[in-house]
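Engineer: Line by line, the protein sequences are chains A and B.
For what it's worth, the numbering used here labels the leading residue of the first sequence as 1, then goes sequentially.
For what it's worth, the numbering used here labels the leading residue of the second sequence as 115, then goes sequentially.
Don't read these hints as lab results, they were simulated from the structure.
The beta-carbon is built from N, C-alpha and C at its ideal position, and this holds for glycine as well.
One thing to keep in mind: the hints can contain errors.
[Stated by the list, open to error] Only pairs whose alpha carbons sit at most 30 Å apart, straight line, appear in this in silico DSBU-like list of lysine-lysine:
hint	chain 1	residue 1	chain 2	residue 2
1	B	Lys-175	B	Lys-163
2	B	Lys-216	A	Lys-78
3	B	Lys-175	B	Lys-224
4	B	Lys-216	B	Lys-175
5	A	Lys-11	B	Lys-224
6	B	Lys-163	B	Lys-185
7	B	Lys-216	A	Lys-11
8	A	Lys-17	A	Lys-78
9	A	Lys-11	A	Lys-78
[As the list claims (entries may be wrong)] Computed list of chain B residues with no C-beta within reach of chain A, every gap over 10 Å:
hint	residue
10	Glu-180
11	Ala-201
12	Gly-220
13	Ile-228
Read off the chains here:
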Amino acid sequence: GAGVSQTPSNKVTEKGKYVELRCDPISGHTALYWYRQSLGQGPEFLIYFQGTGAADDSGLPNDRFFAVRPEGSVSTLKIQRTERGDSAVYLCASSSPGLTDTQYFGPGTRLTVL
Amino acid sequence: AQSVSQHNHHVILSEAASLELGCNYSYGGTVNLFWYVQYPGQHLQLLLKYFSGDPLVKGIKGFEAEFIKSKFSFNLRKPSVQWSDTAEYFCAVTAISGGYQKVTFGTGTKLQVIP
Numbered sequence: 001g002a003g004v005s006q007t008p009s010n011k012v013t014e015k016g017k018y019v020e021l022r023c024d025p026i027s028g029h030t031a032l033y034w035y036r037q038s039l040g041q042g043p044e045f046l047i048y049f050q051g052t053g054a055a056d057d058s059g060l061p062n063d064r065f066f067a068v069r070p071e072g073s074v075s076t077l078k079i080q081r082t083e084r085g086d087s088a089v090y091l092c093a094s095s096s097p098g099l100t101d102t103q104y105f106g107p108g109t110r111l112t113v114l
Numbered sequence: 115a116q117s118v119s120q121h122n123h124h125v126i127l128s129e130a131a132s133l134e135l136g137c138n139y140s141y142g143g144t145v146n147l148f149w150y151v152q153y154p155g156q157h158l159q160l161l162l163k164y165f166s167g168d169p170l171v172k173g174i175k176g177f178e179a180e181f182i183k184s185k186f187s188f189n190l191r192k193p194s195v196q197w198s199d200t201a202e203y204f205c206a207v208t209a210i211s212g213g214y215q216k217v218t219f220g221t222g223t224k225l226q227v228i229p
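Whenever a hint applies, use it, and build me the whole structure from the sequences.
Structural biologist: If you want it as structure tokens, here you go:
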């Protein structure tokens, strides 16, 4: 595709439920990042994939959050036992692996936990 | 760990006014610096970036930024704003760690341009 796509664009769920958020990066981009943007804040790093492996998951807030990228392309961010504090916009970005390559962001998934 | 500070949370300007948005970062090593823009209803887009070389960087839509290493600053400027510049602007820094870019964003500055 022409850019990074994310689905769904909006997700409303109840506290305690499980959710999956999907990211489809730009074709050929091996680096993939997840960020979370809370109201009034800038995006915060969650996890970085190089290919299929999570090279840095230091930004995941706790063990309820998990992400996979089994074939090195599409990635899924999984949140178990959602809490109201998880409500935010979840952003995905992809780039070529070079240190000077720009990250291209998707439109985000707005998650609301009631 | 690196951090980014944006001094202005909300700026209101009239069209044709000059713009300067402040950004300071803290990190002891080599950094890459960015400004991203988010127009209403749209996703984050790169405005400009600095990796090395000339510290005065020119971006899209007439924006520029100057990297002043001694001040740990990367302020964004535009000589004459337009109504279409109304958006939220994020300064960001990456520290090269483990061979990849881990981006740290500021809290953003909302710019409102009044026609």
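Engineer: Hint by hint, note whether the structure agrees.
Structural biologist: Now the hints, each set against the structure:
1. Annotation: proposed proximity of Lys-175 (chain B) to Lys-163 (chain B) holds, straight-line Cα distance about 14 Å (limit 30 Å).
2. The hinted pair formed by Lys-216 (chain B) and Lys-78 (chain A) meets the criterion: a straight-line CA distance of about 21 Å does not exceed 30 Å.
3. Restraint check for Lys-175 (chain B) and Lys-224 (chain B): satisfied, since their Cα atoms lie roughly 17 Å apart, inside the 30 Å limit.
4. A hinted pair counts as satisfied when its Cα atoms are at most 30 Å apart, and Lys-216 (chain B) with Lys-175 (chain B) qualifies at roughly 26 Å.
5. The suggested pairing of Lys-11 (chain A) with Lys-224 (chain B) holds, with an alpha-carbon distance near 25 Å, which does not exceed 30 Å.
6. A threshold of 30 Å between alpha carbons decides the hint, and for Lys-163 (chain B) with Lys-185 (chain B) the separation of about 18 Å falls inside it, so the pair holds.
7. This hinted pair checks out: Lys-216 (chain B) and Lys-11 (chain A) have alpha carbons roughly 27 Å apart, not beyond 30 Å.
8. The straight-line distance between the Cα atoms of Lys-17 (chain A) and Lys-78 (chain A) is roughly 11 Å, inside the 30 Å bound, and the hint therefore holds.
9. For the hint linking Lys-11 (chain A) to Lys-78 (chain A), the alpha-carbon distance of about 13 Å falls within 30 Å, and the restraint holds.
10. With a cut of 10 Å on Cβ distances, Glu-180 (chain B) stays outside the contact zone with chain A, its closest approach being about 19 Å.
11. No Cβ of chain A approaches the Cβ of Ala-201 (chain B) within 10 Å, the least distance being about 14 Å, so the stated non-interface status holds.
12. Listed as a non-interface residue, Gly-220 (chain B) fails to keep its Cβ farther than 10 Å from every Cβ of chain A; the least gap is roughly 5 Å.
13. With a closest Cβ-Cβ approach of about 22 Å to chain A, Ile-228 (chain B) is found to remain outside the 10 Å limit, as its non-interface label requires.
Hint 12 from the list above is the single one not met by this structure.
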